[in-house]
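Both chains come to you apart, so use the hints to assemble them.
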Amino acid sequence: MKKLYKVFRQGLIFENPLLMLMIGLCSAIAVTTSVSNGIGMGLAMTFVLLFSEVIISLFRKLIPSAIRIPIFIIVIAAFTTMVDLVMKAYFPDLSKSMGVFIPLIVVNCIIMGRVEAFASKQNLVSVIADSLGMGLGYTWVLIGLAAVRELLGNGTLAGIQIMPSSYQPILFFILPPGGFFVFSLFIAFNIWLKKKMEASQRTKELAAKKEAA
Amino acid sequence: MKKDMVKLGITLALFASVACACLAVVYAFTKENIEMQAEKQFNASMQELFPQANAFDKIQDLASSDPNIKFETAYEVKNGTIPLGLAIKAAGPSYGGTATLLVAVDLHRSIAGVEVMELKDTPGLGMNASNPSYYVDKAKKTTFVGQFAGKFLTDPFEVKKDVVAITAATITSRSLTKIIKAAGDAAIAYMDQKMAAPPADSNASQQQNSQPQGIQPKAGGK
Numbered sequence: 000m001k002k003l004y005k006v007f008r009q010g011l012i013f014e015n016p017l018l019m020l021m022i023g024l025c026s027a028i029a030v031t032t033s034v035s036n037g038i039g040m041g042l043a044m045t046f047v048l049l050f051s052e053v054i055i056s057l058f059r060k061l062i063p064s065a066i067r068i069p070i071f072i073i074v075i076a077a078f079t080t081m082v083d084l085v086m087k088a089y090f091p092d093l094s095k096s097m098g099v100f101i102p103l104i105v106v107n108c109i110i111m112g113r114v115e116a117f118a119s120k121q122n123l124v125s126v127i128a129d130s131l132g133m134g135l136g137y138t139w140v141l142i143g144l145a146a147v148r149e150l151l152g153n154g155t156l157a158g159i160q161i162m163p164s165s166y167q168p169i170l171f172f173i174l175p176p177g178g179f180f181v182f183s184l185f186i187a188f189n190i191w192l193k194k195k196m197e198a199s200q201r202t203k204e205l206a207a208k209k210e211a212a
Numbered sequence: 000m001k002k003d004m005v006k007l008g009i010t011l012a013l014f015a016s017v018a019c020a021c022l023a024v025v026y027a028f029t030k031e032n033i034e035m036q037a038e039k040q041f042n043a044s045m046q047e048l049f050p051q052a053n054a055f056d057k058i059q060d061l062a063s064s065d066p067n068i069k070f071e072t073a074y075e076v077k078n079g080t081i082p083l084g085l086a087i088k089a090a091g092p093s094y095g096g097t098a099t100l101l102v103a104v105d106l107h108r109s110i111a112g113v114e115v116m117e118l119k120d121t122p123g124l125g126m127n128a129s130n131p132s133y134y135v136d137k138a139k140k141t142t143f144v145g146q147f148a149g150k151f152l153t154d155p156f157e158v159k160k161d162v163v164a165i166t167a168a169t170i171t172s173r174s175l176t177k178i179i180k181a182a183g184d185a186a187i188a189y190m191d192q193k194m195a196a197p198p199a200d201s202n203a204s205q206q207q208n209s210q211p212q213g214i215q216p217k218a219g220g221k
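From first to last, the protein sequence lines stand for chains A and B.
Per numbering that gives the first Met the number 0, residue 0 is the first one in the first sequence, and the count goes up by one each step.
Per numbering that gives the first Met the number 0, residue 0 is the first one in the second sequence, and the count goes up by one each step.
Chain B with its partners taken away, still in its complex shape (with noise of 0.2 Å):
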């Protein structure tokens, strides 16, 4: 009996141990794609919401309003060395389990744009939310979460108010705009603590360098 237990771990053992060895030379053929694919996703995105982005600067200790909504990762967005804005990779309870959002907060305190990451959801229904062709505008073609984009955060952020929801998704709606609504109060938050004296000052000082330079041609004209 002790004999035969021993003789039977052992072949359970050596089973284990090649099927180990099986998965680790597929592991080791596939990680770096697998790697390749996810950096493409995500560059992806990025260039979607910031298309002048070209360097991305991790940052850390960004804290959430709400206990449910985890922020997986943040960058700071730059094109070379002028700041753009932030993007975050905010993940909240939906419908369907957990949702996760990039969300790219903009200097002008405006939601530059939100890009659908991983979401479960009923097809047909919530799952439209990641839809590129599902229209909760369909006259200027708005997707749901691209009528985020340009939004200010002193909006109220209410679905069927000045959110429009997916039709039957109340649930999803309502759980996506709250992790929006997170990531970008956690955005501006950072940038008045951190990043808001130089980049906002050059930002305004841009602007009021541009306005009058754009006046003064005007005046000069008349």
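Looking at chain A on its own, in the form it has when it is part of the complex (with noise of 0.2 Å):
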């Protein structure tokens, strides 16, 4: 139980796709205009990647390793275009906002770097615990970025006026480059909050290994 605690913290802070992995930015920067898109985002990618990899995970003693890489892509398509078509079932509007980022989760490279490095050598509870924490990991960057970038560049939250009316909207922020301004303050925020965490867990160490002394 802890192990898996473990496996599925790693994507949040430690091992966050985006802060410290550093893969699929091009989409996160893209649609993290709205809250609403970044948690339609986030709950879409956490989606297919979730399945993507309990599907390969249990057939990975049937994939050839020869021929895995069209196989992960086959499974991850197939889950990206079922979310697609159930989002422009339901939710259109959500679909027509994010337009075709969604498409795209077929070549994001974090579900792809996740099942080419984790699920396919991994057991199924291990790789539930750790596509829920990489899509938590991801959806909450993706909500934090959109959040600062709304309220900035728009003056709102998830559509709502938070601004008082008299204020400028400051545009950097929803254009690329208040995007890319944005994301480099939550890598820093990112780095120190690791940092911070291995301190207080070497101290507790230390602690422990004192007392046991």
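By construction, these hints were calculated from the structure, which means they are not laboratory data.
We put the CB at the ideal spot given by N, CA and C, even for glycine.
Check before you lean on any hint, since a few could be wrong.
Unchecked claim - Simulated pairs of lysine-lysine, DSBU-like, Cα-Cα distance not exceeding 35 Å: (1) Lys95/A / Lys1/B; (2) Lys60/A / Lys209/A; (3) Lys2/B / Lys77/B; (4) Lys95/A / Lys2/B; (5) Lys87/A / Lys1/B; (6) Lys1/B / Lys39/B; (7) Lys2/B / Lys120/A; (8) Lys119/B / Lys69/B; (9) Lys87/A / Lys2/B; (10) Lys1/B / Lys60/A; (11) Lys88/B / Lys194/A; (12) Lys160/B / Lys87/A.
Said to hold, decoys possible - Computed beta-carbon distance windows for the label pairs: (13) Asn32/B / Ile72/A: 22 to 30 Å; (14) Ile73/A / Glu34/B: 21 to 29 Å; (15) Gly158/A / Lys2/B: 58 to 66 Å; (16) Gly112/A / Ala20/B: 21 to 29 Å.
Structure, rendered in structure tokens:
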């Protein structure tokens, strides 16, 4: 159980796909212009990641290593297309505002990377922990990025006016350069958080050692 | 080696066919809903443009004067059998790719209204063209496409002259204006050719009829 929690936690901060592994950045910058987009993209991504990892982990002994990449792509593409169809059918507005980035989940390196590096080697339970951790790690960064960008660049949060009407929105934050700027701040924050957590863990370990001695 | 290849091929084909089957099921489930959504959106836009409309006749062979601007579908909009105007779904190049607009032209040869169907553009700048709370005229609360409502096609349709541009999105403003103008011109040409005589006449006679009626009581009162 503790091991599973550890796997799950990796994706949130220590191995956050966006902030530490720095993969899948293109769509992350592109869709985070509004909070609702961030939530939608994060959930879509988590869904595809979870199911692709589960399927590939279940069938990992049946997948010949020579053709594993095409098989991964088939599985990922199938789930992505399902998400795309379901979103078009039930959330047409969201699907419209994210446009091409939902189909592009197929080629998102986070999924490809996790499937290749983790799911094709691990058992089902730890794969579920890993995909949920990675998905959640991706989602919180997207929502955070989108919240900052939407609030400063448009004066709203999830479409609701927050800033007073006298506030002149800073368009810079909605545009791609602003995205990179906010993103870099998030990276810095994450590294600070990671260092702090590591330090507190070390002191804990030291204290435990002392007690044992 | 050869045996291996066959085995690998079969494995890959198996995975692909299972994925295909799953997709087919999801597609079958969502198909109806997706079509319904598209129709709903289209009907809502139509309702907005022609509140009295209840019949739409598809029309073909509408020629575009600009090779870059294409008309996807066009409809003769009617209330029962009385023609109200034309609605054209026109697509043309804009700043962020192809923009699709629904342009409605009424029998008075003016734009009845414009709806943005599809637009890819910079959020906060060009995307304001489809933002219902972005006003080019803050006092009158008219949106960018809203300013075309009631505009006659004899107008020049020039951005920064008779068309107010979206701030910091002049290219988008120009492209959209061009699409609207092209669709409007085509609609007028169609009206002149196909439905000019009867509907324009009936419309005109209606006006003529109503005018004297309006005047007569007044005259009688005097």
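Checked hints:
1. With a CA separation close to 47 Å, the supplied pair lysine 95/A and lysine 1/B exceeds the 35 Å bound.
2. Between the alpha carbons of lysine 60/A and lysine 209/A the distance comes to roughly 46 Å, so the proposed pair goes past 35 Å and is violated.
3. Taking the CA atoms of lysine 2/B and lysine 77/B, the gap is about 67 Å. The hint is violated against a cut of 35 Å.
4. The suggested pairing of lysine 95/A with lysine 2/B is violated, with an alpha-carbon distance near 47 Å, which exceeds 35 Å.
5. A distance of roughly 44 Å separates the Cα atoms of lysine 87/A and lysine 1/B; the hinted pair therefore is violated under the 35 Å criterion.
6. The suggested pairing of lysine 1/B with lysine 39/B is violated, with an alpha-carbon distance near 55 Å, which exceeds 35 Å.
7. The hinted pair formed by lysine 2/B and lysine 120/A meets the criterion: a straight-line CA distance of about 26 Å does not exceed 35 Å.
8. For the suggested pair lysine 119/B and lysine 69/B, the alpha carbons sit about 17 Å apart, so the restraint of at most 35 Å is met.
9. Of the supplied pair hints, the one linking lysine 87/A and lysine 2/B is violated, its CA atoms being roughly 43 Å apart against a limit of 35 Å.
10. Note on lysine 1/B and lysine 60/A: the hinted pairing holds, with a Cα-Cα distance of about 22 Å set against a maximum of 35 Å.
11. For the hint pairing lysine 88/B with lysine 194/A, the CA-to-CA distance comes to about 56 Å; that exceeds 35 Å, so the pair is violated.
12. Of the pairs offered as hints, the one joining lysine 160/B and lysine 87/A is violated, with about 39 Å between alpha carbons and a cut-off of 35 Å exceeded.
13. Taking 22 to 30 Å as the suggested C-beta distance range, the pair asparagine 32/B and isoleucine 72/A conforms, at roughly 27 Å.
14. Judged by the Cβ atoms, the range 21 to 29 Å given for isoleucine 73/A and glutamate 34/B holds: they are separated by roughly 27 Å.
15. The given range of 58 to 66 Å is respected by glycine 158/A and lysine 2/B, whose C-beta atoms sit roughly 60 Å from each other.
16. One distance hint, 21 to 29 Å for the beta-carbon pair glycine 112/A and alanine 20/B, holds here, with the actual separation near 28 Å.
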